[in-house]
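Asks: One letter stands for each residue in the lines below.
Number of protein chains: 2
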Amino acid sequence: MTTPSGRRPYNFSAGPAAMPEAVLQRAAAEMLDWQGSGMSVMEMSHRGKEFGAICAQAEADFRALLAVPEHFHILFMQGGGLGENAIVPMNLSRGNKADFVITGSWSAKSQKEAQRYCQSNIAASNADNQHTQIPAPSTWQVSDDASYVHLCSNETIHGVEFQALPDLAALGSKAPLVIDFSSHVASRPVDWTRVGLAFGGAQKNLGPAGLTLVIVRDDLLGHALDICPSAFNYRIVADNKSMYNTPPTWGIYIAGLTFQWLRQQTEGALTGVAAMEQRNAAKARLLYDFIDASPFYENRVAHDCRSRMNVPFFLKNESRNEAFLAGAREAGLLQLKGHKSVGGMRASIYNAMPFEGVQALVDYMREFERSHA
Amino acid sequence: MTTPSGRRPYNFSAGPAAMPEAVLQRAAAEMLDWQGSGMSVMEMSHRGKEFGAICAQAEADFRALLAVPEHFHILFMQGGGLGENAIVPMNLSRGNKADFVITGSWSAKSQKEAQRYCQSNIAASNADNQHTQIPAPSTWQVSDDASYVHLCSNETIHGVEFQALPDLAALGSKAPLVIDFSSHVASRPVDWTRVGLAFGGAQKNLGPAGLTLVIVRDDLLGHALDICPSAFNYRIVADNKSMYNTPPTWGIYIAGLTFQWLRQQTEGALTGVAAMEQRNAAKARLLYDFIDASPFYENRVAHDCRSRMNVPFFLKNESRNEAFLAGAREAGLLQLKGHKSVGGMRASIYNAMPFEGVQALVDYMREFERSHA
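Read top to bottom, the protein sequences are chains A and B. Per the UniProt record's numbering, the first sequence runs over residues 1 to 373. Per the UniProt record's numbering, the second sequence runs over residues 1 to 373.
Rather than coming from a laboratory, the hints here were simulated on the basis of the structure. Hints may be right or wrong, so weigh each one.
As the list claims (entries may be wrong) - Here are a few chain A residues that sit away from chain B, every Cβ distance over 12 Å (derived from the structure): (1) Ala27; (2) His46; (3) Arg94; (4) Trp140; (5) Asp144; (6) Asp145; (7) Ala164; (8) Asp167; (9) Thr193; (10) Cys228; (11) Ile254; (12) Gln264; (13) Phe314.
As the list claims (entries may be wrong) - Result set (DMTMM-like, lysine to aspartate or glutamate): computed pairs, CA atoms no more than 25 Å apart in a straight line: (14) B:Lys241 to B:Asp218; (15) B:Lys97 to A:Asp226; (16) B:Lys109 to A:Asp226; (17) A:Lys49 to B:Glu21; (18) A:Lys97 to B:Asp226; (19) A:Lys49 to B:Glu50; (20) A:Lys112 to B:Glu330; (21) B:Lys49 to A:Glu330; (22) B:Lys97 to B:Glu50; (23) A:Lys340 to B:Glu356; (24) A:Lys109 to A:Asp144; (25) B:Lys112 to B:Asp226; (26) A:Lys109 to B:Asp226; (27) B:Lys109 to A:Asp239; (28) B:Lys49 to A:Asp239; (29) A:Lys109 to B:Glu318; (30) B:Lys241 to B:Glu50; (31) A:Lys340 to B:Asp239; (32) B:Lys340 to A:Asp239; (33) B:Lys340 to A:Glu50; (34) A:Lys49 to B:Glu322; (35) B:Lys340 to B:Glu369; (36) B:Lys316 to B:Glu330; (37) A:Lys340 to A:Asp292.
Note that the coordinates shown come from a computational prediction; the quantities given were computed from them, not determined experimentally. Backbone N, C-alpha and C fix where the C-beta goes; we use that ideal spot for every residue, glycine too.
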């Protein structure tokens with residue numbers, strides 16, 4: 001498919017999601033022979049020197065990109081965010097209690113699943129306002145004895161994002177913070193001084209589905225419940241450098257190419273994640289400013305916690321939804337339908353979405369409004 | 001890398017392993033635009049119609065290839081064989097007892113991991129003969145009250161393969177049979193009347209690492225322990241048609257292309273898995289017959305349980321191992337080093353390995369023997 005203008009379509013899928021075209025082109029070019037090895041990356045033993053080099057480079061590039069301190073392990077795992085909803089409490093809860101901050105579908109799912117393994121305390125929730133505002137940390141009811149505090153730092157479905165991570169110590173909690181950063185990882189820096197563990201499925205901002213990244217502080221290893229499967233025991237995975245079982249090698253390769261692409265990105269004097277943050281802020285501003293100024297569209301999330309990555313919006317007259325989506329598709333703007341639990345539209349504008357893609361969306365929305373208002 | 005003859009090298013990796021060249025070429029060609037969709041398969045929402053079609057076709061093709069009866073579910077999961085070592089007992093043991101037949105490293109690992117979730121009874125073991133013979137089923141000490149009986153139908157490391165599945169009812173067991181068929185799935189037919197559940201990592205005979213296939217009989221769903229993670233609960237995965245969490249979409253796509261390739265294979269009047277079985281038997285015969293006739297090489301596995309897929313062999317003078325491997329590499333014969341726990345060499349000759357690849361290996365082995373004997 002090519003668009004009327006001859007360019008590749010812009011893909012606004014929430015995940016699996018658009019990837020940098022340069023990454024796809026390189027993956028295609030190397031498919032039958034990775035760097036003279038005579039093998040596709042998919043055909044390499046995970047214990048061979050070729051894949052060992054790919055994996056080590058991916059880890060080093062991710063560490064550099066997000067300035068991950070040395071006392072954090074970078075684990076390449078499987079099972080996605082929903083898998084981690086069980087794997088985290090199996091590894092961290094010690095069968096005691098965990099605190100949860102509910103800000104949307106994903107944190108709610110995490111809390112529900114954790115109940116299999118530990119007590120769960122809902123420290124705060126924005127369910128009363130349909131997940132459109134983040135409760136101020138000063139209002140959170142954290143426990144004295146929680147093994148960890150969980151939050152989802154960007155809610156993919158509800159479009160709610162923490163603009164800064166909370167300082168749990170200032171709230172009276174001694175527990176490590178666990179963040180699910182699946183849908184905004186590498187879109188902005190992470191303050192690791194406030195994090196004990198971060199996890200994310202790769203399929204939004206890093207690579208293909210089937211790869212899960214876990215970044216875990218050294219002191220949190222070694223406390224898994226007896227019923228934790230060996231393949232999902234962080235201590236075992238860390239000790240085996242993500243090779244206890246066969247890792248998702250293709251996913252690590254593609255994520256590694258994406259990390260290299262990210263390190264090459266610049267905005268003015270900025271590079272890497274700092275450049276991406278500036279670009280992502282500009283992309284989000286363009287789209288939210290247009291929506292806010294229009295009487296035809298709306299976004300219902302409070303301004304101070306709007307996601308830069310996932311922008312749910314509504315046509316005020318929802319009878320035009322189908323026409324909007326069909327016209328978008330004709331204009332080469334794909335996968336804009338909102339999540340079924342929220343309805344309306346959703347534009348996911350991850351790292352791989354160029355500014356021009358958001359501009360093309362706004363241009364289309366303006367023209368649709370003009371012709372249908 | 002190309003070989004002296006200009007062909008692509010032959011890759012004998014035990015897994016991740018060689019893939020059909022036609023599959024790799026198609027994946028490369030479709031990388032930026034799958035069938036006019038404007039998207040790479042990696043960029044598609046798993047809930048969209050495009051990926052839905054890919055996934056449904058893959059399932060249908062696998063069902064047709066292996067004649068999987070309708071009362072078995074085909075699940076696309078994550079975590080590999082080592083993950084299943086925990087996931088199977090969490091779903092099937094009901095906290096009671098399971099029987100294990102130990103024939104090599106993989107079944108031994110399965111038994112060890114299952115002990116977290118249930119009692120385990122070792123019904124039989126070939127550890128006394130270094131995993132080179134399969135104990136006759138008539139000698140197995142099966143339990144009256146086992147929830148299931150586990151075996152690994154092809155031991156990748158030790159090169160031991162069941163040529164037929166046991167009839168548990170004839171042994172006095174009412175339990176369903178669980179088989180780990182990771183390393184010979186789709187290389188020969190499966191007698192589903194003797195199987196309750198089969199699982200396999202894809203990275204040997206089906207596709208890339210990170211995809212796990214589970215084929216499970218309908219009546220075995222719904223008995224998971226409370227501590228089974230939702231993402232690994234067979235009932236939940238089946239009810240959601242492998243879309244409870246985001247599945248490894250690229251792996252399913254590549255496996256699907258491989259299933260199509262397998263369906264197109266012919267040997268005389270045979271097609272699909274029947275054709276592959278004939279071809280695999282001929283490949284294995286060529287290699288074993290050469291080894292057995294040579295005073296220079298040896299294979300230590302009993303003739304009646306030698307694997308058609310994984311052929312461990314030794315140079316009787318092991319001081320020549322490095323020279324053998326270096327020469328093989330120069331001849332375009334890759335990844336022949338044996339598993340560290342066994343030593344020596346291992347030629348994995350899965351479905352994707354053509355007869356000509358085994359012939360090239362035998363030719364090289366003969367020439368190496370001639371020049372070094």
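Asks: Check each numbered hint from earlier against the structure, then list the numbers of those it violates in ascending order.
Replies: 1, 2, 10, 11, 19, 20, 22, 23, 28, 29
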